Amino acid sequence: MIKVNNVSKKYGSFTALHAIDLEIGEGEFIAVLGPSGCGKTTLLKLLAGFMGPTDGTIEMDNLILASKKRVLPPEKRNIGMVFQSFALWPHMTVAEHVKFPLSYHPNKIKEGKKELQERINDVLKLVGLDSLAERYPSELSGGQKQRVALARAIAPLPNLLLMDEPLSALDVELRMEMRKEIQKLHRETKASIVFVTHDQGEALAIADKIVVMNQGRIEQIAPPEVLYTRPETEFVATFVGKCNLVKGEWRNDQFIPAIDSKNVWSDLGVTTSFKENGIYPVRPEQFQLMPPEKNGLQGIVSFVQYQGHEIHYTVEVGEETWTIHESVFTTRFATGDFVSISLKNAPVQTESLVSY
Amino acid sequence: MTAKPPKAEERKKRDSSFSLFFQSKNLYKIIGLLVIFVFFLLPVLRLVWLSFVDDGSLTMQYYTEVLREPATWKTVKNTLIVVLGSTILALVLGILFSWIVAYVQLSGKRAMQLFIFLPFVIPSYITTLAWTQFFSASGPVTAMLSWLPGDLQAPNLYSIGGIILLLGISHYPLVYLFTVNVFRKIPRELEEAAATSGLSKKRAFWKVVLPLALPGIASGGLIAFLSNLDNFGIPAFLGTPANIRVLSTYIYEQVVGFGPSAFSRAAVLSVILGLIALIGTILQWFLLRRSRVNETSRSDSTPRIYLSASKQKLLEVSLWVFLLVTSLMPLITMGALSLISAYGVPFKLENLSLRNYEYVFLTDSKPLSALSNSIQLAFFTMLVCLVIGTAVAYLRFKYPDWSTKTAELFMTIPYALPGTVFALCMIFMWLEPIPGWNPGIYGTVWILFIAYVTRFLVLQVRGSYTALLQIDPSMEEAARTSGAAGWVKWRRILLPLLFPGIVSGALLVFLMALTELTVSSLLWSSGSETVGVVIFGYEQAGYSTYSTAFSTVLVLGILFGGGLFMLLSKLWDRKVLKTK
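These protein sequences, in sequence, are chains A and B.
For the first sequence, the residue numbers in this note's numbering are 1 to 356.
For the second sequence, the residue numbers in this note's numbering are 357 to 936.
There's no promise every hint is true.
Below, computed lysine-lysine pairings styled on DSS-like, alpha-carbon distance capped at 27 Å [what the hints assert, rightly or not]:
#, chain 1, residue 1, chain 2, residue 2
1, A, K145, A, K108
2, B, K926, A, K145
3, B, K926, A, K10
4, A, K76, B, K761
5, B, K926, A, K76
6, B, K761, B, K381
To be clear about the criterion: a stretch of chain B counts as covered by chain A if any three or more of its residues have a C-beta under 8 Å from a C-beta of chain A, and this derived list gives those stretches [what the hints assert, rightly or not]:
#, region
7, 829 to 840
8, 926 to 934
Derived by calculation from the structure, the hints in this document are not laboratory data.
Remember, predicted model here, so these are calculated numbers, not experimental data.
From the three backbone atoms N, C-alpha and C, an ideal C-beta is built for every residue, glycine too.
Here chain B stands alone, though its shape is the one from the complex (with noise of 0.2 Å):
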């Protein structure tokens, strides 16, 4: 009897001890999701919270108040007609450039890839500013116009049409990216099986390329979507001046406003916005839903179609017209009318000067301090995220189960939702993180910094985590069976392996935030000015000659580091990884 009491306790300290080490794994696990639930979801439920709730009660008398006005029935009609053009066109473009890329035998593919991701690189805001340059009246479209006879006028870019040609064009690189690869993996069998079954390229082209192919576009085009709804920057500079409102412009306008119920009347409308994303999300869901596709299928980049030598340069000629207009030449015209000394005179030796470029860099004291803002900004967002969203890659790679999952869900949410809805939900989350008490953070950079580094965080994550799928795991394994773990292992095996993917993906988050306008227009603070800000700030003053200078050296800068990172990951492909 006596010897029995410790016995058991013993046996209870053993067992406790053990699911202790199963309760701290999966007490880690929920830490872990709890945090990055209260960055990255609890700010959204908060904003569809407020929309439901007055003086602490719950109330639809925001929801009644403004589904019952007439502008907002007009602007969800011009939003629905601008995202769906710009959509539709965006899918077109993209969807011929990379069948094209794809199949045709074309020479000097790689450059047109390069041109076709200008856009990308360049904020859409200054894009849509080299536009208006471009159609302006002392541009090359109205001088070239001028020669034709008949009384000939440069299409109006502010408009409808404009918002969507703008938006069209920024956003097909998008399809492009998504299609591109998707053509390429279509094994060229299948369409000679259809062939030797007796069907002409074209009907092979409808019944076997397309089904097989609508993955891909069906994901470009949710992404084209998603971005075009997003879009702040070209419906704010193409559509205020014309009193064209979409959502995203709405909202901005409606806290900016500073009713009395603007935040809420603000939420509301961002629930609305959120609900057509939602169903942009469903609708392809629906059209994937039935699809089935092989996912192993070798990538083959050889041309399947070979064109005479004459229509060969014909096509080439065209495409590379095409690609020449829509992206150098609106940033050469900007370049260009930035040089002339005031709006509207023509563009001639004598009115040309570096007076904008003076007033923008020496006389006024905002753009310099905004780059200075925006680059310290982008600085510490990409370090942060480069760190954070490295581990988080990493432990996604390495356990991928719910948890992981569930984690990397939570972070794209803010990258998905519209920039001006986040912008709102950062601004109810961090005015007061707690009910009742207020830090400070509103109307500091701090708040920018944390907006950023949540937005963008899921690119790094997505980068670092391509990096590592790239590398076959059993390059680790070896490294541990021979002995390397910890520091040793990253610094000696894997940061040199996925040094590229991982710098590229910081670079993408750095170039995001260093040129964000939709984000920092509702959290900017005197003092905290971004690059954007500024620009838009000019914009809407009414001083394009300024916004163009400032933009041009903008311009210059992405270009200069976007050359510096191709060289450098090439060097680093060569010196370091041995490739040839």
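Bound-form chain A, shown alone (with noise of 0.2 Å):
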């Protein structure tokens, strides 16, 4: 059990995290989730201990890590690290990467010789690289290399296990490859794994739960479903996923967007915070797309974008600038087509379906 309480790290006069507050749980893998310069990294150097918080504490079982006056060093820390540009030594072996920290760790092997052989073996065989242990890092591939990178920090069995943008220096093939090669992991291991990430794809795929953060401080955490369809802020919503922002009026549970006021639009699971504002999140695929003779809001297709699963509706609607996503086994419009809008009536979801 991870806790962090209330903190804040400044650098000179720019503030790069406000007061956080976060618990991570036995075994809980968390994704941190945000655009460059919002303090996802800042809060991953303070949990691995690359420097101390300007307020607040770290707490890991009751013990505590860091505060502003007194920092436990990362090589004290019961954790391991991923690092986006993996970190690999060039003049180590596969096996001795994994052999270090099981040298050196405060999880240390502390038995024989032959102990440390076998569990450097497991870990091979665990991450695939059994094969590859005699290997220099400039004779292995990039998902090898990653994977010497995962060997490495889970060898030492820590409570804790973080991850920075682990993904980012691979293709597209490999990052899907290695996606569910993390979960496996993550279910062997179990431990508490936090991964920073700016590719929300990412986040909504292998994460329990996921902490959106935004110019130093924590916009929502939720589980991925939870997140995706009941967003409290308007950046969740938009930076979660695509989201039009539509603007009107709340009446009891019922909307009445401000362009037409003849429509009236249920509550599909809109969070209060947005109600108070006068705004309805929808999803482009919540969004359904009608022959303009039909009921609903009417508007002009003005751009068309063919996506293979599905085809990107832009359409004008009076003064807005809607995105609507529609299958393509639906019927079609061209730009200049008149349309009417409406919403699909499918129900929300407030927990997660999805088990891991």
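Now that you have both chains on their own, put them together as the hints suggest.
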């Protein structure tokens, strides 16, 4: 159990983190998501111990790791870390990379050489590198390097595994494969994982819980499905997936768009903060396009983009421009067509349905 | 009421221990900076101070005296002519070579670079010696000219022109070094954009390439300017016999002349020399102020200009002729002429012998003891610089705040200072470190040791810092999250990765200290002669054959050491770092 209590970090006059509170449960997989400069890397560095907080404390299992006065250095923390650039040591073989933390980490192997060798072999087998144990980093492919970095981090069985955008140096194909690999390692090692990323697809795909950060503050903490379907702030709504922020008026859980008051939309799970601001966040796939004679808001299609599995329409509705995704199997529209727009009536999840 | 006082006391205690933590952090910084200040900056301040002081009272007497003498103004004029001429020569040669090597398709660029850098590893006084042999009555130039019709004479190197030529040839590699990567980093798209906008190649060079290369050219030019100003060996070897003085040799003459006010007069001249250096630096700053250059562009070393096969051959041949004639031929001539039995006899088989070598290494005891002095000095200077310099570089790398930046700036000053001026600073500082207390450092080999460490430390700092910059910080962070700290982290991770960079810095320090002349010519004492001092001594006494013999051995030693280092660093890259 890791607790981040009221942690702030200032660099000179710039505040990178504003009083952050966060709890990481035993074996929990948390993704920290945010644009560059949002403070996610700072948070990770504080958890690792490369620097100390300006204010607040960080606890692990009731042991204070860091306060503004005292910081336990990374080498004394029960952690493992995977770096964006892999950070493999060019002068060491794959096996030596795994052996290194087993000899120096707080959880190092204190038994004999036999146990050490066994552990090295187990870890290498787990990441599928047992046949490459004697290779040097320069003799490995990108995916293999990533596996070495993972093996080194998990070898001493740390309580907390930190990952700093570990997949961003890989190409798309490999990234998908390594996502599964990391999920598998999480299942088998049962370590808590903090995974920093700016890729929302990655975060939605692998985490139990997502922490969305913006400008040094936490915007929302929620399981992926809840985060996507019930965003609490405009930032979360637009940063995680696309979202049309439709302006209008909320009356008794009914929404009346400002553009056309003849339409009334029912509440499909909009959070109160949006209701207070008179906004209905609508995902592009929540809209339905119909021929103009049907009921709904009237608009004109201004762009059509074919995407293979779906079609992306840009539609001008009054003063607003909306993005609408439709299946390729529905009625097609062309640029300049008049259309009628309504909401699909699918209920929204309040609990995570996908189990890991 | 009774419970209150202890509580207040407790809070006070906690507060004080907390503030002590911060104070102690700043305290270390201030103590460190103070030590660095005393060793690196205070000597300079004491020199300036001394130029204004006579018998404990402030005076402008030395300034008025020195500035009134026509000899001073003649020297300043000579200095300006020599320095400007040689800087222009170095700039033209350096830019030409760097542009060609960066952009034009040529074979054998690596070998060319080695020859361009040769004047770097050979001390300039030995280069000068080699050139005087090259142009001497028994040298190849005279021999070649005698074949030609007419009464052609080899040019006289003992002149202002000769000094400019030698300075320019010795220092154009500096310009090359600063500009070649600047040229490579100019994105080729910019030239292509200029071409599609209708600019010819020539106009694109003037309008696009040159303005973008200006910062590199200006820094290279400044370094060449400062090196020309600082150089002592070349004007001492070529100017002194012809009665041509520049500031660096004039200061030397003042100090060894030992007049009643020798030191004070030398201090005044040093301040003048320092002012000229400062003006040059400010000029460069003005040039750079307006330029906006993208620092992040990638270095692109594939050629951009392809010549026809015959033109390329012609260019290659002419470059190689220039490189061989300017760097290798003089050294070979020196080696050959060191074998003739007496100065001035023609280079014929019956005149060849090892007599000079016999005299230098067997009869005269000075060269061998100087060699041993220089090697010991260089070795211990290297060792001390290696440890302190790498530590400073690491601090500078880990904590890039005002304190480490100031520390580096202080350490740069002794190296940036002209050698004669620096030597004077050392005398003033260590003759009486605390006024009234003479620990007897001056006059022993210790002052040379202190001077070398002070002067060359920054080279190691830079070398180690560059090595640190080249490894990803996550390498060290990965070691720490794997549980390694302190010595284990250094031994297992950092040192193997940094080794080649640190060692090349250390070797540079060793080489500079080994062949150093300017500082030791003012600080040596009987029994603590250095290699440079002995060669200078032979040359002043007219024993050219002995100085060439000793120099030849030195050159061979340096080339052997350089080759060994290149081989070892290649092996290290392949065997330890597994690069391919």
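Verification of the hints:
no., hint, in the structure
1, A:K145 x A:K108, "holds, 23 Å"
2, B:K926 x A:K145, "holds, 25 Å"
3, B:K926 x A:K10, "violated, 44 Å"
4, A:K76 x B:K761, "violated, 30 Å"
5, B:K926 x A:K76, "violated, 37 Å"
6, B:K761 x B:K381, "holds, 16 Å"
7, 829 to 840, "holds (count 10)"
8, 926 to 934, "holds (count 3)"
Of the hints listed earlier, those the structure fails to meet are numbers 3, 4, 5, in rising order.
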